[in-house]
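> All chains should be modelled from the sequences, with the hints used to inform the complete structure.
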Amino acid sequence: MLNALIVVFRESLEAMLVIGVLLAWIARQPEPATLMRGLWLGVAAGIALALALGFATFAAQSQLAGEALEKFQVGMVLFAAALIVQMVLWMHRHGRHMKQELEAQAGRAVGALGIGAVAALAVAREGAETVIFLYGLGLESGGGDRAALLAAGLAGFALAAATGALVARGARFLSYRTLFAASEILLLVIASSLLTAGVDRMIGLDWLPPLLDPVWDSSALLDDGSGAGRLLADFAGYRARPSASLLIAYAAFWAYALWRLGRSASTAAH
Amino acid sequence: MLRAPFVHAVFVMALWFGLGWAVPAQAQTAATEPLVFSVVIKDGRILPARLEVPAGRKLKLAVKNEGPGPSEFENLSLRVEKVLAPGASSFLVIHPLKPGTYRFIDEFHPTTAEMLLIAQ
Chain A
13 MLNALIVVFR ESLEAMLVIG VLLAWIARQP EPATLMRGLW LGVAAGIALA LALGFATFAA
73 QSQLAGEALE KFQVGMVLFA AALIVQMVLW MHRHGRHMKQ ELEAQAGRAV GALGIGAVAA
133 LAVAREGAET VIFLYGLGLE SGGGDRAALL AAGLAGFALA AATGALVARG ARFLSYRTLF
193 AASEILLLVI ASSLLTAGVD RMIGLDWLPP LLDPVWDSSA LLDDGSGAGR LLADFAGYRA
253 RPSASLLIAY AAFWAYALWR LGRSASTAAH
Chain B
187 MLRAPFVHAV FVMALWFGLG WAVPAQAQTA ATEPLVFSVV IKDGRILPAR LEVPAGRKLK
247 LAVKNEGPGP SEFENLSLRV EKVLAPGASS FLVIHPLKPG TYRFIDEFHP TTAEMLLIAQ
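Chains A and B supply the protein sequences, listed in that same order. Counted the way our numbering counts, the first sequence spans residues 13 to 282. Counted the way our numbering counts, the second sequence spans residues 187 to 306.
Treat the hints with care, as some may be off.
[Said to hold, decoys possible] Derived DSSO-like pairs: lysine-lysine, alpha-carbon spacing no greater than 27 Å straight-line: (1) B:244 <-> B:284; (2) A:83 <-> B:228; (3) B:250 <-> A:83; (4) B:228 <-> B:250; (5) A:83 <-> B:244; (6) B:244 <-> B:228; (7) B:246 <-> B:228; (8) B:284 <-> B:246; (9) B:246 <-> A:83; (10) B:250 <-> B:284.
[Unchecked claim] Covered stretches of chain A (in silico footprint by chain B; criterion: 3 or more residues with CB under 8 Å from a CB of chain B, positions within the stretch not fixed): (11) 68-80; (12) 90-100; (13) 141-151; (14) 218-226; (15) 248-262.
No lab work stands behind these hints, which were simulated from the structure alone. Even for Gly, the Cβ is constructed at its ideal location relative to N, Cα and C.
Here you go:
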């Protein structure tokens, strides 16, 4: 039962981080209501997608169906990473003009759609595993255990919510301005972790060669399997033993994202 | 805004697939047929509990989950994981390993399920 609590806690905390960053950004916008609705609709869609993915995993008994599902998941994380980059560029490009942009209904609709889609993908990714795990354990256990399982899952979720609230409260000591500035970078960091997850999956499927593997081993310094290293691995794509392919992808991602950010900043200045 | 994500997705895809093709020579040498080992997950245990494999060879683990529950077969340091519904089977490719012991677990049954992959 402790395991159920831990799994639910970890997965929901990750999804909440993404939602929290988006909330921090929305809070600074002039017309937050539409964006807020987009966010929560996205969260709801994400939960539905997580349920669908979870049950598809149970249904996918054949190797072929399993492979199709795997491809879908790789596509989903890579698409989410690309979408986040696009979102950040959009936020950045409009920077100063965001106020006018969001006062126009079309601007708000685009913003709400983007925010909703990012939230949906984040929730779906984290939620699918939780669904599989809880549903499977529910099948394994009898009636009385099922209630305990549900309680453990809910406790995990509540703990994650409490942790999220604490982090948000702590972050309030930073100014909103700092939070707002950090939200773009945080979103890019999250996108980079999605990308590394996708690359790792593709290496495991043998679609991508790892090239040199590992390039270094920093697991003695900071292990990516537990504690702070695990957190960094999940949120920022840290790897104690990265393959060369992963490093190339990571470097290409940041070079591309920062180049586009720089470019959009300079065009905005004209 | 609507078109741009697709442009990005295409860019990202093109990059990865391009990467894959850009290095065929090296990929070919590493891709000499992988050695296949089968792994069965059953009643919250991974069988065999100890798997000896040659180091420096590409491996393919054919994993089957015989249930009753789902499992998440994984090794964090090798960054491989596979979620399997009961009754489902799949595979994992492990690229050439340095000699050493690699501990695989079923994250859904962390107290009972363990497999040590020993590369030598």
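> Each hint: holds or not?
Taking the hints in turn, this is what the structure says about them:
| no. | hint | verdict |
| --- | --- | --- |
| 1 | B:244 <-> B:284 | 11 Å, holds |
| 2 | A:83 <-> B:228 | 26 Å, holds |
| 3 | B:250 <-> A:83 | 19 Å, holds |
| 4 | B:228 <-> B:250 | 9 Å, holds |
| 5 | A:83 <-> B:244 | 22 Å, holds |
| 6 | B:244 <-> B:228 | 26 Å, holds |
| 7 | B:246 <-> B:228 | 19 Å, holds |
| 8 | B:284 <-> B:246 | 16 Å, holds |
| 9 | B:246 <-> A:83 | 18 Å, holds |
| 10 | B:250 <-> B:284 | 25 Å, holds |
| 11 | 68-80 | holds (count 8) |
| 12 | 90-100 | holds (count 7) |
| 13 | 141-151 | holds (count 7) |
| 14 | 218-226 | holds (count 7) |
| 15 | 248-262 | holds (count 7) |
Checked against the numbered hints above, the structure breaks none of them.
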